[in-house]
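Visitor: The lines below spell out each chain.
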Amino acid sequence: MDINKPSQAGTLESNDVYVQLLPNPNGNIEIKLKSIVYKQFKDQILQVANQTLKDLQITSCVLIMDDQGALDHTIKARIESAVKRSL
Amino acid sequence: MASIDILTLKEQRKIKIDAMLQKHDTVWVLKCNYPGNQKLNAYTFFVFFTILKEMRTDLWRHMDMSFTVEGPVAIMWGNVDPVIIKKSMIMLEEDHPLGRYVDIDVIDAYGYLKRTAFDRPFRTCFVCDEIAHVCVRNQTHDIKVIQDHFVQGVLSYIDTPSKMVTFCAMAELATHPGFGKVTPMSTGIHQDMDVRTFIDSIYAISPMFDQIEQFDCDQESDMYFNQLRQLGLAIENQMFLTTGGINTHKGFIFLMLMVLGAAHYRPYDPLQETIRTLAKPLTMDFQDTTMSTTGLRWYRSHQIAGIRGLALDGLDIVFDEFLPYFIQTLESEADINDAFVSTLLLIMSRIEDTTILKRQGLDGLAWLQKQAKKALQDKSQWKALDKACHKQGFSPGGSADVLAVVVLLACFFYDSKEGFYGHQQTFPGRDVRKQ
Chain A
1 MDINKPSQAG TLESNDVYVQ LLPNPNGNIE IKLKSIVYKQ FKDQILQVAN
51 QTLKDLQITS CVLIMDDQGA LDHTIKARIE SAVKRSL
Chain B
88 MASIDILTLK EQRKIKIDAM LQKHDTVWVL KCNYPGNQKL NAYTFFVFFT
138 ILKEMRTDLW RHMDMSFTVE GPVAIMWGNV DPVIIKKSMI MLEEDHPLGR
188 YVDIDVIDAY GYLKRTAFDR PFRTCFVCDE IAHVCVRNQT HDIKVIQDHF
238 VQGVLSYIDT PSKMVTFCAM AELATHPGFG KVTPMSTGIH QDMDVRTFID
288 SIYAISPMFD QIEQFDCDQE SDMYFNQLRQ LGLAIENQMF LTTGGINTHK
338 GFIFLMLMVL GAAHYRPYDP LQETIRTLAK PLTMDFQDTT MSTTGLRWYR
388 SHQIAGIRGL ALDGLDIVFD EFLPYFIQTL ESEADINDAF VSTLLLIMSR
438 IEDTTILKRQ GLDGLAWLQK QAKKALQDKS QWKALDKACH KQGFSPGGSA
488 DVLAVVVLLA CFFYDSKEGF YGHQQTFPGR DVRKQ
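Top line first, the protein sequences correspond to chains A and B.
Going by the working numbering, 31 is the number at position 31 of the first sequence; the sequence numbering is gapless.
To get the working numbering, take the position in the second sequence, counting from 1, and add 87.
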């Protein structure tokens with residue numbers, strides 16, 4: 001499934017992640033991550049994001065994440081929210 | 088009200104903040120740093136209002152407050168320099184003894200102001216030196232350890248009678264569901280008061296309890312009791328002045344004075360005995376032929392001694408039943424608020440609450456005691472009982488006051504090794520540290 005409509009979810013509050021979902025003209029998945037714990041958790045955050053998109057069968061999008069230390073389940077919930085809102 | 092989860096609440100707040108920033112330069116948000124799925128309890132409530140008091144003198148007018156599973160949250164706004172606000176909030180977080188237990192966000196049209204832009208380091212974990220965000224993400228510490236640190240931080244901040252009274256009053260108010268009493272999210276069955284009425288009352292009356300420290304402990308017990316009584320009347324008067332004639336705390340004031348007064352009077356003697364001794368003059372009240380109050384009228388007709396009876400008994404039922412239950416339940420419950428609710432239900436099932444008698448009579452009291460006893464065993468009944476109380480106009484005011492004194496005794500006068508003794512870390516004028 002491609003993302004055709006932009007959407008967003010989450011906030012910039014502590015322990016949350018603000019995500020924006022945009023269509024990707026390149027036809028694949030591109031994730032842009034900014035995080036206050038980038039150094040320590042970049043890989044884990046990207047892994048959760050990719051897995052969530054995969055579980056939702058998203059094959060093409062630009063996912064922009066501004067993370068304030070969100071736990072995995074929060075990241076998953078926010079991405080799911082954004083996907084739902086873009087359908 | 089349907090249970091809304093924390094993530095949804097955050098998004099709803101974002102919408103609110105964005106709208107406020109259309110009209111004002113700066114918005115700032117106060118929340119507690121307390122982990123868990125249900126963040127509203129006596130401790131977060133106390134921290135919230137203690138810090139909030141540092142911020143604005145016109146407490147209610149320029150803020151948006153909410154009390155949910157997210158805990159207490161206040162949003163404030165103004166056409167002021169966001170940098171000045173951020174700097175002062177950073178200082179508050181770092182310098183106030185309870186500062187580490189709150190999170191204050193400052194936002195302007197360009198976004199969230201970051202403490203790193205003000206040359207401040209990332210905040211550290213409560214229990215280790217790691218950056219808090221890293222510990223949270225790694226879930227390094229058991230949630231109970233962090234919650235316990237918060238609790239202990241609050242308790243060690245409370246070192247005067249007025250702070251104790253404030254805490255206990257907030258504890259009784261924060262407990263939810265309230266089975267008809269006022270809670271932070273509901274006025275219960277009451278039309279004339281809400282959480283703000285109670286907060287105003289608390290702040291007006293609690294400083295007056297420090298006057299106990301001036302009482303002469305060498306005088307006879309009935310003279311000492313008389314002094315307590317005079318102070319009680321003065322505090323009650325202040326309450327009525329502040330609330331505009333609404334009785335928010337009469338029973339609470341009485342019970343606080345009995346315990347704090349006893350603890351100050353004879354710090355080395357068993358509290359129950361001192362309370363029993365000090366309370367003796369109350370028997371004179373029962374001989375008063377005018378019997379002008381509800382409580383006294385129930386004594387004349389049914390020998391129900393009410394709150395005076397509790398004191399004349401040296402608060403036996405509190406020490407023997409409610410305290411051990413509260414302490415044990417605090418240990419076993421994952422959600423601190425549940426322990427408070429449970430204890431409130433136990434009290435409701437056991438005492439002759441004259442505030443219930445007044446509205447619902449003996450039958451009503453019997454019904455409530457039975458329902459409370461059933462609900463004790465089964466949390467799934469709490470919501471239904473809360474609803475039934477609202478529908479039928481029940482409000483367990485007396486039980487809530489007894490809960491407050493249970494909290495007072497458990498938090499500040501109990502040592503698990505020694506059992507109870509008269510004092511804790513208060514009454515600095517007297518050398519009462521047990522060797």
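Please keep in mind that the hints were generated in silico from the structure rather than gathered at the bench.
Predicted model, so just to flag it, every value in this text is computed and none were measured.
Mixed in with the good hints there might be a few duds.
[Claimed, not checked] Between beta-carbon pairs, the in silico distance windows are:
no.	chain 1	residue 1	chain 2	residue 2	range
1	B	GLN109	A	LEU33	27 to 37 angstroms
2	A	ASP43	B	VAL156	27 to 37 angstroms
3	A	GLN51	B	ASP235	29 to 39 angstroms
4	A	LYS32	B	HIS236	49 to 59 angstroms
Using N, Cα and C, we set each Cβ at its ideal position, and we do this for glycine too.
Visitor: Where does the structure disagree with the numbered hints, that is, which hint numbers, in rising order?
Guide: 4
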